[in-house]
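*Asks:* Sequence:
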Amino acid sequence: MIRLIPGSGAGTAKVAETEGRIRLTLLGGYLGSGKTTWLRHQLHAGTFGRVHVVVNEAAEIPVDDALLGGAAGLTVLAGGCVCCTGRADLVTALRDLCDRRSSVADPGARIERIVLETSGLADPAPIVAALRADPILARHIVIGEIVVVVDAAHGLAQLSEDPLGRRQVEAADRLILTKLDATGAEVITRLQLALRMLNPGASLSAAIMGSDIALPEVPPGALPPPLPALPGGAAEPLVPVRLCLGPEPDWAALGVWLSALLHARGDQIVRVKGVVQTPAGRLLVQTVRRVVQPPEILPAGTDRAGLDNGIVVIGRGFQPQALDASFRHFLNLKDL
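Be aware that the sequence shown starts at 15, since it is given in my numbering, and climbs by one per residue.
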């Protein structure tokens, strides 16, 4: 099989053999867009065949990997975004996967694909550049597709406020709109038009809880919404802050503190995610902007020592030390 890869000169191309190489799907999207929900459904449906999933979390508490039980293998890269500070770890992990695959004698037992689920803070372009620049990975891995998931409810705001959201969209081969059931028709139409304007070459589809649905038709004559110019450094960088709840978390107090935080700073808090032990089970806690998603009981067998009873708050415009002090004071926590 042959794939054409654009060359550096105008109108030129070079030819790369891809037969026998591992196809890599890069799954991106802004914080809380629904990447893991979409991926869970694809794993359950067997879309990727024998697949190894690499999950990247910018914070030190990985959560999403606990939900991805349908993969043939799983690697977690936590504590740094693989487009920048965690790039070396990504290269090392992928080299290891290539070595392990080469050691399997039976071609029918080898992994067929790698899916790299990036953190919501990741820019796909530096990741692609790093994989192509590494001589070992360039021989063993071919980037098959860049899939970017877009939250229909918050996508327009992200494209208007944050250069990262635009860079993710512009890098995509395929754009998938999520959460359409919680979004009005007019907003969906405006978002579709904005996405087609930013990346007219990408395919555009929709999914709810990972299942494909038809996109609403755009009314004839509808125009894309104006998007403000965003220079590269327009927005403050997003900062992940890890907050530990202690061995016996007060679920009620956490709920009150989190509600107060989102009420006071909902425009600054982009994402909250964590795992909390409660009498009902190990609950996955998530918010996107001001929207608190219903807690989900994690499946059995996903326990990981030292990673429960903590949350990660990702946002901008606040001091991490002040947030931690507020959290500890409200929950009456001592030094852990």
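Source of the hints: derived by calculation from the structure; they are not laboratory data.
Just so you know, these numbers come straight off a predicted model, no measurement behind them.
The reader is advised that the hints may include incorrect statements.
[To be verified] Estimated spans, in silico, between C-beta atoms of each pair:
#: 1; residue 1: 201; residue 2: 120; range: 49 to 59 Å
#: 2; residue 1: 346; residue 2: 123; range: 48 to 58 Å
#: 3; residue 1: 142; residue 2: 63; range: 31 to 41 Å
#: 4; residue 1: 239; residue 2: 278; range: 20 to 30 Å
#: 5; residue 1: 256; residue 2: 140; range: 23 to 33 Å
#: 6; residue 1: 142; residue 2: 113; range: 17 to 27 Å
#: 7; residue 1: 333; residue 2: 269; range: 22 to 32 Å
#: 8; residue 1: 122; residue 2: 270; range: 30 to 40 Å
#: 9; residue 1: 294; residue 2: 225; range: 19 to 29 Å
Don't be surprised by glycine CBs; every beta carbon is placed ideally from N, CA and C.
*Asks:* Could you run down the list of hints and mark each one as holding or not?
*Replies:* Taking the hints in turn, this is what the structure says about them:
1. 201 / 120: 49 to 59 Å: Given range 49 to 59 Å: holds, Cβ gap about 50 Å.
2. 346 / 123: 48 to 58 Å: Between residue 346 and residue 123, where Cβ atoms are some 54 Å apart, the hint holds.
3. 142 / 63: 31 to 41 Å: violated, 22 Å
4. 239 / 278: 20 to 30 Å: Check passed, 29 Å falls within 20 to 30 Å.
5. 256 / 140: 23 to 33 Å: holds, 24 Å
6. 142 / 113: 17 to 27 Å: For residue 113 against residue 142, whose Cβ atoms are near 22 Å apart, the range 17 to 27 Å holds.
7. 333 / 269: 22 to 32 Å: holds, 23 Å
8. 122 / 270: 30 to 40 Å: violated, 55 Å
9. 294 / 225: 19 to 29 Å: holds, 27 Å
Violation of the numbered hints given earlier is confined to hints 3, 8; the remaining hints are satisfied by the structure.
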